[in-house]
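Q: As a plain string of letters, each chain reads:
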Amino acid sequence: MKTKSKLLTAPYSIWMVVFIVIPMILVAYFAFTDKQGSFTIDNVIRVGQYSNVFLRSIWLGLLATAISLLLGYPFAYILSKTSFKTQNVMIMLVMLPMWMNFLLRTYSWMTLLENNGLINNMLAALGLPRLQLINTPGAVVLGMVYNYIPYMILPLYNVLTKMDGSVIEAAQDLGADYKKVFLKVVLPMSMPGVISGITMVFVPAVSTFIISKMLGGGANLLIGDLIDMQFLGSAYNPNLGSAISLVLMVIILICMGIMNQFDDGEANEGGILI
Amino acid sequence: MTSSIIALKNISVSYDGEQVLKNFNLTIRDGEFVTLLGPSGCGKTTVLRAIGGFVSPETGDVFFNERKINELPPHKRAVNTIFQKYALFPHLNVYDNVAFGMRIKGKSNAEVKKTVTEMLELVNLTGYSHRGISQLSGGQQQRVAIARALANDPKVLLLDEPLGALDLKLRKDMQVELKKIQQQTGITFIFVTHDQEEALSMSDTVVVMDKGEIQQIGSPTDIYNEPENAFVADFIGESNILDGLMLEDFKVRFAGHVFECLDRGFGKNKPVDVVIRPEDIDVVSPDASLIVGEVTGVTFKGMHYEFIIDIDGFKWLIQSTDFQELGSTVGLSLMPDDIHVMNKSEYSGTFGDYSTFSDEMEEDMLLEETAEIGEGGDEN
Numbered sequence: 001m002k003t004k005s006k007l008l009t010a011p012y013s014i015w016m017v018v019f020i021v022i023p024m025i026l027v028a029y030f031a032f033t034d035k036q037g038s039f040t041i042d043n044v045i046r047v048g049q050y051s052n053v054f055l056r057s058i059w060l061g062l063l064a065t066a067i068s069l070l071l072g073y074p075f076a077y078i079l080s081k082t083s084f085k086t087q088n089v090m091i092m093l094v095m096l097p098m099w100m101n102f103l104l105r106t107y108s109w110m111t112l113l114e115n116n117g118l119i120n121n122m123l124a125a126l127g128l129p130r131l132q133l134i135n136t137p138g139a140v141v142l143g144m145v146y147n148y149i150p151y152m153i154l155p156l157y158n159v160l161t162k163m164d165g166s167v168i169e170a171a172q173d174l175g176a177d178y179k180k181v182f183l184k185v186v187l188p189m190s191m192p193g194v195i196s197g198i199t200m201v202f203v204p205a206v207s208t209f210i211i212s213k214m215l216g217g218g219a220n221l222l223i224g225d226l227i228d229m230q231f232l233g234s235a236y237n238p239n240l241g242s243a244i245s246l247v248l249m250v251i252i253l254i255c256m257g258i259m260n261q262f263d264d265g266e267a268n269e270g271g272i273l274i
Numbered sequence: 275m276t277s278s279i280i281a282l283k284n285i286s287v288s289y290d291g292e293q294v295l296k297n298f299n300l301t302i303r304d305g306e307f308v309t310l311l312g313p314s315g316c317g318k319t320t321v322l323r324a325i326g327g328f329v330s331p332e333t334g335d336v337f338f339n340e341r342k343i344n345e346l347p348p349h350k351r352a353v354n355t356i357f358q359k360y361a362l363f364p365h366l367n368v369y370d371n372v373a374f375g376m377r378i379k380g381k382s383n384a385e386v387k388k389t390v391t392e393m394l395e396l397v398n399l400t401g402y403s404h405r406g407i408s409q410l411s412g413g414q415q416q417r418v419a420i421a422r423a424l425a426n427d428p429k430v431l432l433l434d435e436p437l438g439a440l441d442l443k444l445r446k447d448m449q450v451e452l453k454k455i456q457q458q459t460g461i462t463f464i465f466v467t468h469d470q471e472e473a474l475s476m477s478d479t480v481v482v483m484d485k486g487e488i489q490q491i492g493s494p495t496d497i498y499n500e501p502e503n504a505f506v507a508d509f510i511g512e513s514n515i516l517d518g519l520m521l522e523d524f525k526v527r528f529a530g531h532v533f534e535c536l537d538r539g540f541g542k543n544k545p546v547d548v549v550i551r552p553e554d555i556d557v558v559s560p561d562a563s564l565i566v567g568e569v570t571g572v573t574f575k576g577m578h579y580e581f582i583i584d585i586d587g588f589k590w591l592i593q594s595t596d597f598q599e600l601g602s603t604v605g606l607s608l609m610p611d612d613i614h615v616m617n618k619s620e621y622s623g624t625f626g627d628y629s630t631f632s633d634e635m636e637e638d639m640l641l642e643e644t645a646e647i648g649e650g651g652d653e654n
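Listed in order, the protein sequences are those of chains A and B. For the first sequence, my numbering gives the first residue as 1, with consecutive numbering after it. For the second sequence, my numbering gives the first residue as 275, with consecutive numbering after it.
These are calculated hints, taken from the structure and not from any lab test. Note that the structure is predicted; figures quoted are calculated from it, not measured. Here a beta-carbon is modelled for each residue, glycine too, at the ideal position from N, C-alpha and C. Treat the hints loosely; a few may be bogus.
Partial list, computed: chain B residues near chain A (C-beta under 10 Å) [as the list claims (entries may be wrong)]:
1) 289
2) 291
3) 323
4) 343
5) 355
6) 358
7) 359
8) 366
9) 369
10) 384
11) 387
12) 545
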């Protein structure tokens, strides 16, 4: 019995070792070695020079996550109260952009936001002054929210639809008005969804590079861009790139650790947790 | 007589064009234990929801202490509900569940603590304060739900099939406990069930419902001994329901013979339904009896035997502690007080010679319930 189950898990174990464990070790190896392959902590120390990039990435990532939550929660909540048919159609619409290529979606925002883009042309036609839309932190956050909000909505929608209606009735029955029902019952019970939504938006947002490259211009360099540059760009330095990746990973792990503290071990209530 | 605490006047409710309650009228006295009894889909849960404020009736009014409360939202009503599946808050522990209502009302921590402790003691859950809900058994969750509702000091407690999910033994215990709590607190209980035994053993008043209408209101003994129509006779306990003719007061003809009975006021030569409870019939020797038949079925039920006796093609159900051989010929003896005469109703003839209706009904309900659980929805 035991050998059989071992045999069954073998392909997965091999896959995980080859494509997850070994690459991680390689990243760590590169981070702690120089070009000649001898041990050094210089790379990690040099990461400190880019603390402003880290701060900007985290700040924009947090902003995008907060906006996604503020927009996504009411949407998911209202959606969970509508008819089954409406829910299906709306969820389709939420997911539809995700089936379109990521680059294409971001390019289309460029054409909208450019100095000679659709929005500015419309403003000009109305006799209003043109605005600087593209190449701003705002454009980067917009791109993040636009691309990642489905990952916020879906886990929230998931917990909210599974919520037992009689529990809400019980709260009303015990004297809670709509506001209290929401604050004391709906919100706490949907925390697993909130947590996984935040994680699933924050993690990709903080490490993105395409969005900032396309919508942020050169001025809004993020960690992702920095890493990209170390491997493919002008500043070719895989050792530094690995060190930055490692530090980023540690930061994300810490963030997730903090998030899970709020979760109270109720992860089994629904939602998708990373 | 104490005053009415809840009154429903001409309530009509329909869901998706289907009428669930038709011109429903019910008055409940303060401190009473009232049971709404009926098969699934008869509208009994809807009555509770109308009182709780979760359903607004299309027509008619709901009164609480003689004050109209139609427009009052659930959280402002002085009634509390124990929901079918308890509906405890999964993110809170036992203590916080019970404290929920009082905290909403802004009671002081000391007061909350005192009441919660009292309530947990009342439902025998002292020491469980810090348990999570998922760590409790069904019976314990049930008791937390009771404590949570009672902690709110309701004037009326609504109980929506609260024992439905418990096993038989636990259910019997909880019946006794609930009855005790009701007597201790003096709170008006409105209890919904489809279990006739539960209804008879707990209630002061039983309201038998079917198809959104009241079939009969009365004390458990009235309901059992003096059923109003064939539906009530059959739903409450087992019965043989026969076509009869009321010849005159105290004289009824059925099964080919004239019998003396205790009923009167039906007029002369009036077609009626006659109810005879299976346990009221005495088995005697064939020579000493008007009614003679052949035993065609014997089932051992533990406390007694159940016989099916074929009398000129009609099948009677009889319960007796004395064994009879299958195929033997027996006589049946009826005393005047064994015979109960009812007016004909829409249910006449529905339930055959002897009726297996109750058993079928239970099966139907089991099926329906599983379907309901599958849909995760409430009754009605």
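Q: Check each numbered hint from earlier against the structure, then list the numbers of those it violates in ascending order.
A: 1, 2, 4, 9, 10, 11, 12
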